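Protein chains: 6
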Amino acid sequence: MSAPSAIEYSDALPEVRAVYDDIRKTRNVPDVNNFWKYLARDPVTLKRTWQSLKEVMTAGALDPLTKEMIYLAVSVTNGCGYCIASHTAGARKAGMTEAMFGELMAVVGMANETNRLVNGYRVPIDEAFQN
Amino acid sequence: MSAPSAIEYSDALPEVRAVYDDIRKTRNVPDVNNFWKYLARDPVTLKRTWQSLKEVMTAGALDPLTKEMIYLAVSVTNGCGYCIASHTAGARKAGMTEAMFGELMAVVGMANETNRLVNGYRVPIDEAFQN
Amino acid sequence: MSAPSAIEYSDALPEVRAVYDDIRKTRNVPDVNNFWKYLARDPVTLKRTWQSLKEVMTAGALDPLTKEMIYLAVSVTNGCGYCIASHTAGARKAGMTEAMFGELMAVVGMANETNRLVNGYRVPIDEAFQN
Amino acid sequence: MSAPSAIEYSDALPEVRAVYDDIRKTRNVPDVNNFWKYLARDPVTLKRTWQSLKEVMTAGALDPLTKEMIYLAVSVTNGCGYCIASHTAGARKAGMTEAMFGELMAVVGMANETNRLVNGYRVPIDEAFQN
Amino acid sequence: MSAPSAIEYSDALPEVRAVYDDIRKTRNVPDVNNFWKYLARDPVTLKRTWQSLKEVMTAGALDPLTKEMIYLAVSVTNGCGYCIASHTAGARKAGMTEAMFGELMAVVGMANETNRLVNGYRVPIDEAFQN
Amino acid sequence: MSAPSAIEYSDALPEVRAVYDDIRKTRNVPDVNNFWKYLARDPVTLKRTWQSLKEVMTAGALDPLTKEMIYLAVSVTNGCGYCIASHTAGARKAGMTEAMFGELMAVVGMANETNRLVNGYRVPIDEAFQN
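Sequence order for the protein chains is A, B, C, D, E and F. Oh and the first sequence: position 73 is 73 in my numbering, straight run, nothing missing. Oh and the second sequence: position 4 is 1004 in my numbering, straight run, nothing missing. Oh and the third sequence: position 116 is 2116 in my numbering, straight run, nothing missing. Oh and the fourth sequence: position 98 is 3098 in my numbering, straight run, nothing missing. Oh and the fifth sequence: position 80 is 4080 in my numbering, straight run, nothing missing. Oh and the sixth sequence: position 129 is 5129 in my numbering, straight run, nothing missing.
Accuracy of the hints is not assured; some may be wrong.
[Said to hold, decoys possible] Examples of chain B residues lying across from chain F (beta carbon under 8 Å, computed):
1. Pro1014
2. Thr1077
3. Glu1113
4. Asn1119
[What the hints assert, rightly or not] Calculated cross-link-like contacts (lysine-lysine; reagent style BS3-like; alpha-carbon spacing at most 30 Å):
5. F:Lys5025 to F:Lys5093
6. D:Lys3093 to D:Lys3047
7. C:Lys2054 to F:Lys5054
8. E:Lys4054 to A:Lys47
9. C:Lys2025 to F:Lys5093
10. D:Lys3093 to F:Lys5047
11. F:Lys5047 to F:Lys5025
12. B:Lys1054 to D:Lys3054
13. A:Lys25 to E:Lys4047
14. A:Lys54 to E:Lys4025
15. E:Lys4054 to A:Lys54
16. E:Lys4093 to A:Lys54
17. F:Lys5025 to C:Lys2054
18. A:Lys93 to D:Lys3047
19. E:Lys4025 to A:Lys47
20. C:Lys2025 to C:Lys2093
21. E:Lys4047 to B:Lys1093
22. C:Lys2093 to B:Lys1047
23. D:Lys3025 to B:Lys1047
24. F:Lys5025 to C:Lys2025
25. B:Lys1025 to D:Lys3093
[Unchecked claim] The following residues of chain A were derived to be distant from chain B, with all beta-carbon distances above 12 Å:
26. Ala6
27. Tyr9
28. Ser10
29. Asp11
30. Glu15
31. Tyr20
32. Asp22
33. Lys25
34. Thr26
35. Leu72
36. Asn119
37. Gly120
Please keep in mind that the hints were generated in silico from the structure rather than gathered at the bench. All values derive from a computational prediction rather than experimental measurement. Yeah, the Cβ is synthetic: ideal placement off N, Cα and C, and Gly gets one too.
Assemble the whole structure, with the sequences as input and the hints as a guide.
Here it is, written out as structure tokens:
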């Protein structure tokens, strides 16, 4: 078992290539990101993760930009550097402007602050929120 | 110093009442939530937090519904029970439908999953995301 | 294996009683908290945790109040309800005033906010902080 | 929208320069840290964050050193590399000795450990801590 | 949109019933847990989550007990009360003894402690771990 | 107080050398990892952490491989880069195969996802899990 490394298309198993092909076609990109190339070490997880992500991120009641910004909000809260970089790029591609980014970060910051104020002040849930 | 408890309007200091009044007027509600009544133990933090929240949550490049959903996404990620209850209520009031809620949770779930896959597989940032 | 429950002194093994005795003597209290009574399910972990905690929380370069407030800051950040309740009590006993509590929470809130702003804005470490 | 980058004083808008000036004067430093230079992408968030931080970190019931150590405890818990580097520097400047740093880290470590023991053993809050 | 509540089999849509049936059959249980009954508000997420979980938790290179203990370790770290309760039950059912539980918690506690010591001491990765 | 740096055996105090010697002997390795060399700044924390870790990680009801994988699961959840690298190496050394790693990551990912679904859907604990 060697160090983690990207599995390129040319070295990939047929089931991995099938996923790469679907990602490239769905996203209309020439190559897949490192995330998929590293996940390819486990073809089962690669396939399940891609199928889940495709289902979850497809436009539905929420538009793609909103979904990308929510993804970014979670990644910033968790401090995942790769995810912040890739979903900032994804959100920009989906239309996030500089002003939207600024407001997104402001909300994420406030939420992380008030989440802890609630914890520390041990605030009980209002009856009105129980239902 | 007694146990934490809500400070009601009738028992509040003038500077606390001023904040309560502004919250009620801004949100057009008859009373403030427990969050503010507990935070009122520290009038300085109460005032700063309200002023910051008002500035951050006002409609701008992002609409109020999007902001409430981002707030909820962070609160769910952090596991803050009070915040989840209050911002679910806030998002509903701002127009979140059941379908939107479902998709929001799906994105939050996937983001928390893939954030960890990235960590575990130690995925390096693609050059394309560096700028 | 039954549901988790407190192991009272009267039902405890000799090695558990020895730890309870040392806690009561060290803290000058008539009984130990639930934390220890639940941890007593595993006498090895009980003993190691108590010995470590005693060593860590003893006054040294930092006084007991400062240590309790740091413990509380971490517990609030992690959202551990039991730990927030017990270390708020511990900090008060060590001298935390209402004003100190307010400032402590304000710092914890700001730190959680700016930690995420740093993540989202992808701020590189200043050369001056590298050493 | 280009890659994130620092906004230097010479390139900054008047409202950004006003914040930089106040930081430099308040802290008596020749230049502001990267945190502010990156946050300057959003002048509204820059101004609010600085005003809040100035209010929160000013000496009050807690002294500056204690506040910096609490900030560091939170940043270490959240794993924010930039924040750990900058607030370690801030705490040292405020008087944190090597012995204090060692005890601070020991408390932060223990708190993160016992927070999880409490979770896993599902310890109910003692009646004595409820008030 | 009413308050969150469990969707029982008798009130469930056909696609929800199909998932409930598969869970009951796969796990050989008379009824599904609350997790599934609440997730049923969104049949798409319900189905995807069950299919993913079934694939992930099936015995493979790791046995079911090990998988349940890993699930519990993550849930304890995140402080998810429901998940801790359900996966403690799951692990016990899969064979976790009291001694195993004690050691599991001890490892989870130590990992959470040393994770923060590493952060605070800013330990660089050893060359030997890079590959 | 200078920048954090590794304390090598040749520069170490006698009590630090004693810990290094015990680590090398216990693990049968020629040198200790950076974690210990950085922790050596505080000989008390170094000694306590090593003694605790040795007690916790020794084979008991759980074998060393299982313990290393649990350690890795926590470290991935917390996003501690150093810990992920060192405990991936430790788990491999203890026998973790590529297939085991893939399944471990899949479980960690699912647990982090469903922990948040539980939070967001506010799922109450089943009566069957209460005991």
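We went through each hint and held it up to the structure:
1. Pro1014: This interface hint is violated because 37 Å lies over the 8 Å limit.
2. Thr1077: holds, 6 Å
3. Glu1113: holds, 4 Å
4. Asn1119: Check passed: Cβ of B:Asn1119 comes within 5 Å of chain F, closer than 8 Å.
5. F:Lys5025 to F:Lys5093: Holds, because 17 Å separates the two Cα atoms, which is no more than 30 Å.
6. D:Lys3093 to D:Lys3047: Holds, because 24 Å separates the two Cα atoms, which is no more than 30 Å.
7. C:Lys2054 to F:Lys5054: Holds: C:Lys2054 and F:Lys5054 sit about 19 Å apart, inside 30 Å.
8. E:Lys4054 to A:Lys47: holds, 15 Å
9. C:Lys2025 to F:Lys5093: violated, 44 Å
10. D:Lys3093 to F:Lys5047: holds, 28 Å
11. F:Lys5047 to F:Lys5025: Answer holds: F:Lys5047 to F:Lys5025 is near 15 Å, not above 30 Å.
12. B:Lys1054 to D:Lys3054: holds, 19 Å
13. A:Lys25 to E:Lys4047: OK: A:Lys25 and E:Lys4047 at ~25 Å, within 30 Å.
14. A:Lys54 to E:Lys4025: holds, 28 Å
15. E:Lys4054 to A:Lys54: Given that 30 Å is the threshold and the Cα spacing comes to 19 Å, the pair holds.
16. E:Lys4093 to A:Lys54: Roughly 34 Å between the alpha carbons, so the hint for E:Lys4093 and A:Lys54 is violated.
17. F:Lys5025 to C:Lys2054: It holds: about 28 Å lies between the C-alpha atoms, which stays within 30 Å.
18. A:Lys93 to D:Lys3047: OK: A:Lys93 and D:Lys3047 at ~28 Å, within 30 Å.
19. E:Lys4025 to A:Lys47: holds, 25 Å
20. C:Lys2025 to C:Lys2093: holds, 17 Å
21. E:Lys4047 to B:Lys1093: It holds: about 28 Å lies between the C-alpha atoms, which stays within 30 Å.
22. C:Lys2093 to B:Lys1047: holds, 28 Å
23. D:Lys3025 to B:Lys1047: Roughly 25 Å between the alpha carbons, so the hint for D:Lys3025 and B:Lys1047 holds.
24. F:Lys5025 to C:Lys2025: It is violated: about 37 Å lies between the C-alpha atoms, which goes past 30 Å.
25. B:Lys1025 to D:Lys3093: violated, 44 Å
26. Ala6: A:Ala6 not clear of chain B: closest Cβ-Cβ about 8 Å, inside 12 Å.
27. Tyr9: holds, 15 Å
28. Ser10: holds, 18 Å
29. Asp11: Label holds. Min Cβ-Cβ 17 Å, cutoff 12 Å.
30. Glu15: holds, 18 Å
31. Tyr20: holds, 15 Å
32. Asp22: holds, 17 Å
33. Lys25: holds, 19 Å
34. Thr26: holds, 16 Å
35. Leu72: violated, 8 Å
36. Asn119: violated, 7 Å
37. Gly120: violated, 9 Å
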